[in-house]
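The listed protein sequences derive, respectively, from chains Y and B.
The first sequence stops at residue 219 when you use UniProt numbering, and every number in between is there.
The second sequence stops at residue 219 when you use UniProt numbering, and every number in between is there.
Treat the hints with caution; some may be incorrect.
A pair counts as met if it fits within one copy or between any two copies, since identical chains are not told apart.
[Stated by the list, open to error] The calculated BS3-like cross-link candidates involving lysine-lysine, where the alpha carbons are at most 30 Å apart (straight line), are: (1) Lys128 / Lys72; (2) Lys128 / Lys46; (3) Lys46 / Lys127; (4) Lys195 / Lys72; (5) Lys46 / Lys20; (6) Lys195 / Lys165; (7) Lys72 / Lys99.
For the record, the hints were derived by calculation from the structure and aren't laboratory data.
Number of protein chains: 2
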Amino acid sequence: MSDERALKDVLYQEFARIGKCLSSPKRLEILDLLSQSPKSVEGIAKNTGMTVANVSQHLQTLHNARLVNFKKQGNFVFYELADSTVSDFMTTFHNLSEKQLVQVQQIKKEFLNNNFEMDGLSLPELKKRMDNGEVLLLDVRPREEYEEAHIPDAVSIPIEELEEKLSSLPANIDVVAYCRGPYCLISVDAVELLKSKGINAFRLEKSVKDWMQFINQES
Amino acid sequence: MSDERALKDVLYQEFARIGKCLSSPKRLEILDLLSQSPKSVEGIAKNTGMTVANVSQHLQTLHNARLVNFKKQGNFVFYELADSTVSDFMTTFHNLSEKQLVQVQQIKKEFLNNNFEMDGLSLPELKKRMDNGEVLLLDVRPREEYEEAHIPDAVSIPIEELEEKLSSLPANIDVVAYCRGPYCLISVDAVELLKSKGINAFRLEKSVKDWMQFINQES
DNA sequence: CAACTATTCAATTGTTTTATTGAATAGTTA
DNA sequence: TAACTATTCAATAAAACAATTGAATAGTTG
């Protein structure tokens, strides 16, 4: 019977190895970043404001739990999620987190005191409006991520290039900007900029992943 | 732009609060226990081999992350999972864990060097055999859990009572014992005991929760 | 009201984890 | 081959955590 205790201890220790990966804010951020596209260590470091060595250590932890893999490309080491299971799991984790932590919603509202008109916009509705030529969909993420995957018919204008390319936008049409999902604020900045230039702009909270799921459901 | 950093930091810190709950083997064990049925602090302590104060502290952590709730009943405080979302999430978590940690499989095999013949037994098949009177299904968990929920037509014989009730079992029929799922070893002990008494016994890896899911799918 | 129970709280200890620094490695380019 | 780059490794200091103990609380029973 104390055999059972011993087994359980070992077993739950193994499970906790994965749990531990989710216990650090920075590691969660890394996982979310990687669920967008594979990235180099330095890329992650820049994106998260951590030192390279620190990122490397976190990636090691994630690798030990088999949550991420890496492939060497020239001088760079590109990390990616080990498996689509991991990405699905992260989605589930976010769902749970959001549901449980009411505070998260409040925090979001406090920071994003912008317009929320598009937040509830469903993807089928977006599709309809795009098909009717009513809106222009803008992907404001870095170009690599756009190239990795994007919502069909979306135009890639990374946030840095947005200001200079303003004039090339068609006039008299609503613009919808999206980035990596509800917790990424690139599109918020984009909408802010567009509005300050008198363009009717909205933020789409959804991500490419959401779009994929939507498409898979439809077919 | 450093506003964005600040928001992310706060946000991911909130997410990590849930993650931290999953980073301790003992807390995972508690969550699994509670996904079976609500339990008192002392009940959990006995079941996990921890001190009461220690369990209480872990439960507080879980409660802070809104993963568990409690209700007072007389002198006792009964804890339960906050939500079916939490229980679903734990299932997902186990799926991921098992998939990623190949070692877990190995550990299981090493310890459970018993028969695995029933492990792959699908629930519809079990149902068919039971309907045909080919097997007797035994629920060897503590009686409270049986009373909380059990697989229909299963007979409750808690492991402690099994030896004395051996004679009351019908002869010449295969016995299938189940408990809380693949990581609970009560049924392993039961099968061991039954076999030592010359009874043809098998272990079912599935749990009541699995049965519920199976039934819901069917209807 | 007093004795008793289950649980929680608070303080302490030893252990783990995190971020940081600077050096080491491996792969690339001139 | 030498200089350079991206990444990892190793050592450290600071912070967070887990388990333990014993006391405090709240609710129940005689």
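Could you tell me which of the hints above the structure violates, numbers in ascending order?
Violated: hints 1, 2, 3, 4.
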